[in-house]
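Peer 1: Chain residues, written in single-letter form:
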Amino acid sequence: MSALPERPSPGVFADLPADPPQPFTASRPYFSASQLNTYAGCPRQYFFRYLCDAVEDDGTYFTLYGTLVHRALERFHEEYRRPHEGDPTTMEQRLTTLVDDVFRAAAGEFTWAVQAELGRLKARRVARRYVRWLVERARREPFEVMAIEGRQVLDLDGFTFVGYIDRLDRSLESGEVTIVDYKTGSIPESAHAYREKINTGRDFQLPFYYWARRAQGDRVASLALIQLKDPRLPVEPLEVRITQLAPRRPDFRSRNGVVTEDELEQSRRSMIEICTRIARTGIEHYDVGDDPPCQYCVYARACRERPAPAAAAFAR
Amino acid sequence: MSVENEVPAALIDGLDAAQRVAVESPFDVALQVIGAPGSGKSEVLARRIVRAVDSSLGVLVIAQGEGARRSLVARLRSLGCESVHVERFDDLALRLAGRSTLAHLEAQRIFERCIEPLFALAWPEFERGEIDAQQPGLGWPERFREDAFALILKLHEAGITPQAFLEGARRGAASFYGHVALDLDEATLAAQRRRELELAGVLARLYRAFLDAVTEAGTQTTSALYAALADRLAENPSLAQSHRRAYPLCVVDDVHACRVRELTLLRLLYGEEMRGVTLAGVAAVEGVAEAALTVSLQSAHRTPSRLETTLYRAVDARDEARFVADEIARLTHERGIPLGEIAVAAREIRGTAAVACELAARDIPYQYLGSTSLFDDAIVLDILSLAGAAWNPRDGVRMLRTLQVPPIALSDASLYRLCGLPPGPQAALFEELERGERGARRAERGDRLARNVLEGLVDEQLSEGARARVQALRAALPRWRAWTQELDLEALLARIAGESGMLAWIDRCPKALARHHRRQLTRLLAQARNFALAHPRTGIESFLEEANDLADRDAALPHDLPLEPDAVALLAAEETYGFEFEALFAIGAHARSFPRYYSPPSFYYSPRYGLIARENLEDGGDAQTAKFSWYFAKQRVAEKYYERERSLFAAVLARARSLLYVTAYGRATRALRNPEFLEELRATHEDGVRDVTQRVRSSTTRTLG
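Quick mapping for you: the protein sequence lines, in order, are chains A and B. For the first sequence, our numbering assigns the number 9 to the initial residue and increments by one for each residue that follows. For the second sequence, our numbering assigns the number 170 to the initial residue and increments by one for each residue that follows.
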């Protein structure tokens, strides 16, 4: 028999005045592109994660793997600033050694030892492919690594943005600057799809990098996303060039494409607009996104507005 | 068994010729009644059972799933037969084994402990370099664990010991490599073979460890239960004889849904020829067909000659749900169909969530049938958060949720302030901070919110309403914490639900929603009661851990509540056996929903080809091993999967008596690999089938305009 009473008491909060929603401004010492990306995906996740900040997020295997690969590459390029001048075999050995070092040093941070070990072996395979690609590219168009994990600070209409660029390359021939971003997870399938993400306000990373470097006086020519996920596949960056005009007929499948300065300017305005809402005019209620990433959100069980979990699309 | 009376006329009244033959067939043979869904098999079975009872013969009646069981019981009652007990196979196995519970979840947890040394690379063989850490599939440990557990259960169910598995893997490799022509270099193939055999060794070792641990824990999985029963029955034939004396007859409905272990059990009880067993299904059972008398039912009994079928492809999930809810409202108002005679079936129960929302919005009562997860339900999470916050105010997730539960309902502005740093220097609230940098950070975050709530450090920054609510919570939490020591789990949760005002809030919800929430709460209390019985020396903390664990596992828990005759049934496809509804909505009939995409496991096992590992770890070749690709194509694994899905879909549709709706949403794929069931129906152009997609969409557009 159920222990629930048929006629329950009104409860201890029944006669208390309500706490109606009201716009409030949040004090933010700085913003970042990844914060705004979170906001774009799910404002409520942004609210919990950055404004409430009540739970420590340990991250996942994938985030740790990515961090370690970044760390190894950072150390590698501190030693190899002009890749076209290096010996490929020595470079490959050096990078795999660095991979071993960072993964072994961080082994205790993985849930299981097998993840650390297999992550290390996977990263070694990825590293070999990366060096092969790097050497080939550097010989085709020699470049110099200007900065590694460079801290970028940008003021946008009074809002401070902080971020780190994985690598900045300057062509030794044209002097053009390429922003390089390593990705150990999924990336858009094509340059056009990436451009669409920028134009629909779902990705602020490139716009932030672009404007940060512009503010430093750089002539940024392109952004390269280097996917270091699958050790079976050759490294093939997704590269967008920054141009004045959009192509009349965009190639929807190519990994090379463009984004226009007008589009980056529009994205810059969107960044300011979001920051203004959060920190100046105020937001009454942070809504759940259209397709929120609840699966990896540590606040999922704290969120009363989380949509019901979707049915599985795959059967096993 | 020779005692067979003449069949009373009433028992064959209204049956067609084939059904009569089936009812009148002798009892001492194996009888197979074959027919499509709706051909009247269950009716035949019911009358045959009544005939047996009238002949004073003991009859064992087995149905697949709770729906089928209830349906058969209702049929028997309508024939005046109250004395026969209808049970499911697992109930029978439990009864024969003299056990009261199946510990599948416990077995899963035991296996997780068994695999930990592998994940920790703590086997001495790793140290000695005898095993490579790189094993196919191991790069994704959680999935490897799940697949290994599933394989081990299957092996166990099939009576394949770890040693036999290992030998089978070796034999399979020997018969495959070198004998099957593959377009791959010798070195890569040799490497794949070496890894395959090494993986077999790893799995065999896990299997042994699992069996040892299960024995030590005194628990049994479902498959272990059947395997143990099979051993006992094989060793001691008098047990089966004794069973047959008590139950000379056995009747099994929906036999096509039987698993191998269940048919094995039947054979052990009734002999290879299955004398005395009546099997009803959509197809003949392999191995029984030759020995059995077979009656095929051709006429459609369940469905009228013109089943009205309506097809609709919606724009998106919400559009589909609205269409379904609108139609349900129309059917009840215009055609007077009782809500209890309407069902919504999706491939899995979560697929009905959008429809549940739309029904709630129209205040149409609904109920889930079968099993659903409980611990991701919003109201259940609310109650557990209130109890969790009382037990441990530093639990940031539960405290945050507590502040948002409907009776408290703090605004985002208040949540933000309560999560902020309190003014002035901080003093440690709790003496023992977790050690280490990350632990300290975690504790600091939880402390901040807990201190602000418990000590009122930011009360001045809150609105009047928020302040009053936080103060009331501050006063309530110590009281609720005291209850955790004084009350049993069930009473504790019920008291907190009452005093927090959650229960009163639920009762103020629209009627349909209130009913649903109360049912979920009742299920929660039942879970708490069962947990307390199983773990008498534990309290709320353990139960909260259990709740988190079950939610993480997405464990489906059965609905043991009585069916409500005035509520729309929401159910998963596999739960539809035995049910019939005047109107049935089969929703999500599109690729990725029904059927879901097929995602192969990390490995298969075939008695002929041995272990078939999926992942190719060598640099040469594709992402999958050559053997896996070959086996997948040769065995038509995906095709067979989609055929099974298609059969299930047809079985769902057959549960409709008069009105059938089939809906899907989104743009249809080209169905090159994954079938599009709605499109298949659209293409048939059968009489009585109408596609309302264009009409509904255009009327919606007009309305919006």
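Check each hint, because a few of them may be wrong.
[Claimed, not checked] Okay, the calculated beta carbon distance ranges per label pair:
{"id": "1", "chain 1": "B", "residue 1": "R282", "chain 2": "A", "residue 2": "P25", "range": "32 to 38 Å"}
{"id": "2", "chain 1": "B", "residue 1": "Q277", "chain 2": "A", "residue 2": "D298", "range": "55 to 61 Å"}
{"id": "3", "chain 1": "A", "residue 1": "R133", "chain 2": "B", "residue 2": "E710", "range": "21 to 27 Å"}
{"id": "4", "chain 1": "A", "residue 1": "F322", "chain 2": "B", "residue 2": "A179", "range": "47 to 53 Å"}
{"id": "5", "chain 1": "A", "residue 1": "P13", "chain 2": "B", "residue 2": "Q277", "range": "56 to 62 Å"}
{"id": "6", "chain 1": "B", "residue 1": "E808", "chain 2": "A", "residue 2": "D109", "range": "44 to 50 Å"}
{"id": "7", "chain 1": "B", "residue 1": "E629", "chain 2": "A", "residue 2": "F322", "range": "38 to 44 Å"}
Just so you know, these hints were derived from the structure itself, not from any lab. None of the values given here were measured: they were computed from a predicted structure. Cβ coordinates follow ideal geometry from the N, Cα and C atoms, glycine included.
Peer 1: Determine for every hint whether it applies to the structure shown.
Peer 2: For each hint, the structure was consulted:
{"no.": "1", "hint": "B:R282 - A:P25: 32 to 38 Å", "result": "violated, 52 Å"}
{"no.": "2", "hint": "B:Q277 - A:D298: 55 to 61 Å", "result": "violated, 35 Å"}
{"no.": "3", "hint": "A:R133 - B:E710: 21 to 27 Å", "result": "violated, 44 Å"}
{"no.": "4", "hint": "A:F322 - B:A179: 47 to 53 Å", "result": "holds, 51 Å"}
{"no.": "5", "hint": "A:P13 - B:Q277: 56 to 62 Å", "result": "violated, 37 Å"}
{"no.": "6", "hint": "B:E808 - A:D109: 44 to 50 Å", "result": "holds, 48 Å"}
{"no.": "7", "hint": "B:E629 - A:F322: 38 to 44 Å", "result": "violated, 52 Å"}
The structure shown violates the earlier hints numbered 1, 2, 3, 5 and 7.
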